[in-house]
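**Q** Chains as they are written, first to last, in our numbering: chain A, -15 to 296; chain B, 6 to 240; chain C, 13 to 665.
One or more hints might be untrue.
Covered by chain A, per the in silico footprint, the following chain C stretches (three or more residues, Cβ under 8 Å) [claimed, not checked]: (1) 17 to 28; (2) 94 to 102; (3) 220 to 233.
Some, not all, of what chain C presents toward chain B, calculated at C-beta under 7 Å [said to hold, decoys possible]: (4) 33; (5) 134; (6) 172; (7) 174.
In short, the hints are calculated from the structure, not lab data.
Virtual Cβ for every residue (Gly too), placed ideally from N, Cα, C.
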Amino acid sequence: MTTPVGDKAAPVIETKGLSRRFGRHEAVRGLDLAVPRGSVFGFLGLNGAGKTTTIRMLLGLLRPTDGSASVLGMDPANDGVAIRQRVGYVAERQKMYDWMTVGETIGFVKSFYPTWKDALADDLLRRFGLDPKAKMGSLSVGMNAKVALLLALAHEPELLILDDPTSGLDVVVRREFLESIVQVIHEAGRTVFFSSHFVHELERVADWVAIIHEGRLVASQSLSAWRVRTKRLRLIFDGQVPAQVSVPGRLSTRRHEHELVVTTQSFDDAALQSARATGASSIEVLDLSLEDIFVEVVGGQSHASVAVERMA
Amino acid sequence: MRALLWKEWREKRLLVVLAPVASILGFVVSLVQSPHYLDRACSDGLVVASLMWPVFALLIGAGMMANERDRGTHPFLLSQPIPRSRLWLAKLTAQIAVLCIGMLISVGVCAGMSAFLAPQAVLMRDSSDMRLSAFLTVNFFAGAVLVSSFSARPLITIAGGLLVGLLMALLEVGMLLGLAGVLFLTLSIRHIGDIAVVCTMASLSAVFAVFALGLSRALILSDEVGRTNWLTRWS
Amino acid sequence: MKALLWKEWRETRLLILVAPVASAIIVAVFFVAHLSRAMAVPPVDFRLVMDVTWVAIWPLSAVLVGAGMLANERERGTHAFLFSHPIGRVRLWTAKVLVHVPILGLTMLLSLGVSVSATLLVSANPRLEAKSDPVIFAFLTLGFYAGAALMSSVTSRVILAIGGGILVGLVQYGIMQALSWPMAFVGIPHQDLMCVGVLAGFAVVALWTSLRVLMRDEVGSRRGHARPLITATIIGLIALPTVVLAATYLCLVRPRTDVLYLQQVVPSPDGARIALVSGGNNPVLNWIWLVDSGTGQSEPLWRGFSMNWSPDGGRLAFVSNEGFAGFPRSDGSHRLWIGDWRARRRQEVQLPELPGYASQPWGLLCPPAGETAAVSGLYIPLDSEARRSGVRHFTMLFRFGEWNRPLGALDFRSSIKQWADNGTQLVHTDHSKGEVLMLSADGKHRVLPFSPLPDQGYAIASEAGPMVAAVSGSGKKDSELRQEWRIEVLNIRNGLKRSMSVNARYVRARLSPDGRWLAIGVPNAVTIYSVDSMSPRMGPLAIGSLHEADRGELAGEGVRYALAWRRDSQYLALASTRTLRILDPSAGRCVSETSLSWLSIPQSASRPYWWPQVWWLSEDKLLVQWADELWTLRTDGTERRCIFPPKRQRVVP
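Bound conformation, chain A alone:
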């Protein structure tokens, strides 16, 4: 279900069957991703779905137990250093050296990046309102995140990987974060790989969304495609609500006295036809926000796995 967008350039990130096991627990199973160049790629999943593990494998911090990955055309297992030089990475609640000041941290990190721009770093310092002489240990969570973002942006990376960077931040800081990211996006050729919990703010910036659940990729398509194809159908019946309803791509069904609310992830004319075929007196097609889509998709997955168990 992956369709390339924009030009036919090779994907910035591409994984084939990427898997990682920890003991007996399979954190990531057979992930096939293709992140188009220049996109803002949203990576959604519940806690423990495997997002951080995937990102670590992309950066070469973890080795996959199976499958392969390619980031910026390089293999993270072999060329981790080269990849990280061109990637800006902001981790969730990144802990840095408490005893260093902000300025010292910047000085420490910039030596690793050949493309570091001091002017940009100073600009970001000013914009984020950071005091270079403040000790890292004395910063609030928000300031800490800003420093992390500064470190990721100041070397003008081709690819920005963000692993839930805004968790624990207040609204104002989150806004600032997003604005800086948006600015990055507007520069040509940059790609953003964004994994977050804050679905509605991801919605504002992402143009491609992949949903991962229990280590498996559920679907990866453009946001517009998601919106177009995931709809909620409200079927109102005059008489009895039928017991069985077959709508392709059905994610969930809710029964009320006279109505059936069906959510489907492959809404097209055929689906509409089969909805009409149920004999409903009126059919309402409701658009879903990304958050709703996410909840439904993930919920549907759990239902699907439950159903699979029952059938087996």
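With the hints as your guide, set chains B and C onto chain A.
**A** Same frame as chain A, now just chains B and C:
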């Protein structure tokens, strides 16, 4: 309280194994050094084994608060609805228990080994080394506990504990000297018996240790999450 | 890279102070403790302080530094931050090691400096020699650091890294100690070099393994640590010790055919062959050779020293500390062996309960005639009072071959022994009491009625006859370093004693085997006295002048010479570095005189100052030991032949 003790035990149980193993290793090494005079090797070995205790007293004592701060679990711990004194007591109890169990195991195993290898060995023929190591153990432990109560870096805590413990030892020995001098001047007593020296040093060590532990308790009681006083900042 | 170095430096720099400050406080503690005479503390001297510092403070500092490899990053949570940057793992590891090792070196140097200056300040008479080797301990400290670095790469708790580092360091120290036993016999300085090599090897293995672990490390997973650790354990615990043992085996166990020097030469009773002990610095380097005095064929037989022929010449008795596979015995003790040289077989002798504790035979003395053998050795007394005096000597008499029943025993501090009266009496000198004792084959011993012997006195005996002589110097030396020597000769059968005195720098006395003649050698002159009358029979025969020093002698000591009586007491061979003379005291004349100047003086450093030795192999054949060479020649000086060492065999026409 039990929960606190359980947590401390779970965190420290590896040390209960490490410390005796080090002692036993020290014992074995001195056996290897002179295998033909087994009984002397055994008593030397016991001395070497006992000299490991001060080192491990340092490591165990350092677990008072410094590694919690370093790890970042300090706020979590202090924010629990437990009186600070109980927290301190639980940690101290666990540490002392680990230390004592470790020492007992090491003494037991080494004594057992030497009884097996060289039954006629005169084990305690010269116990001054054991006394020295007990003396150092108490001081190092108290020093480490004290420094750990305000420090945030385990490595610095151990180093600081060593130095504080040594300073305490110096002060105690100095006080013994002073006492001897006073006795000489007032009562013209020249020679202080062995037992008197041991008792004096033991009580001095106990006094200093209690003082250090009390100071550590005060520090814990007044500890604040997120405070950066000069002590924590520097260490 | 510079940034990494800076970060490590900023984090670790405080640890530099640990060792110096601790050393200073230790000096202070020792000083104060000694002042108060408490805790039986010896006065502050450099040895004591440095021992404590090297053994305790340096390793502890090293372990604290080494724990900063990765465990503290993990515990603090900055592990992910550090790894997520484009820093090569090798670069990361290198930066840490490049900061840690100089810090270690600096802290060791500083603490050394502090200890030295503190000791100088505080102690009354400072002696700056140290007991243990600082270089070895420096490498051991490096090993502790490497162990802690290794543990720190593996674990995520600093305390465990420190504890584990201490354990790894102890294991290294233990293995080094275990290996030092075989290495000890290779000889210093090679032993020190090998110790350093072993420790360096350990450190390298541990550090390299920590690098490998670091390279395989993953954020969020602990997989992948196992293989490097297993490899390290195999190399460290198995491969390295095996290599060292193999190296020492190769160095040690091959028979040394390059002879360092001749420690003991004993011709067989029939003179047909010669047994000798070639020496090294250490008993385990002693080999017993058998040389055919006629053909010069020689071969090394067994490891051992202090050997003697059995009275029938069929067996050799000797002392050896050889244990398994040519290595010294693990308990370091020596044993008595009897070897059949024809069958090339030897057997250990089980001596009966020797006195005391940890006793071992050290010397063996068999008379050329007579059936008894004396075994002397060392032991530690059982009771603690006597133990304070230290190791003691014992001598036991056995009938040769009947080793389970000692005939008698003597116990004292020093021993010089001579046989008398056909090997039935053993004459001892006890310098601590100034007595001459005689141990008889019936087990009894008695003190001979000589005047008390000073330290430079000695007793000699006639092997076949009943004469014992005691030589004692007055100790008062004149301007030419001569003193008065008194010589008393006692007939142990009838108790008759005669005495005489000689004024000389030294006196070498030799009683003829039958006890009729006494040869007295002083610098550059030899006189033969008749024992009955104590009047000179021959001589003084000049050997050279005091000022001659062209044949390698020390000026003023005179010409070096050897005296040997023939077994039938008829002739005395006098071999100096210039001439060989055969003297006949009954006839009162010199029977033969030949020049020995054809014998070159070796310039070897192993024995820069040596005295020739001479033995009678048969009626007209002599064996001469000339530095480290053995020569046979006839009494008229013909048929000169160097028979040993094998490489230097030659005939001089």
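**Q** A separate judgement is required for each hint: does it hold in the structure or not?
**A** Here is what the structure says about each hint:
| no. | hint | result |
| --- | --- | --- |
| 1 | 17 to 28 | holds (count 4) |
| 2 | 94 to 102 | holds (count 6) |
| 3 | 220 to 233 | holds (count 4) |
| 4 | 33 | holds (6 Å) |
| 5 | 134 | violated (13 Å) |
| 6 | 172 | holds (6 Å) |
| 7 | 174 | holds (6 Å) |
This entry does not satisfy hint 5, going by the numbered hints stated previously; all others are met.
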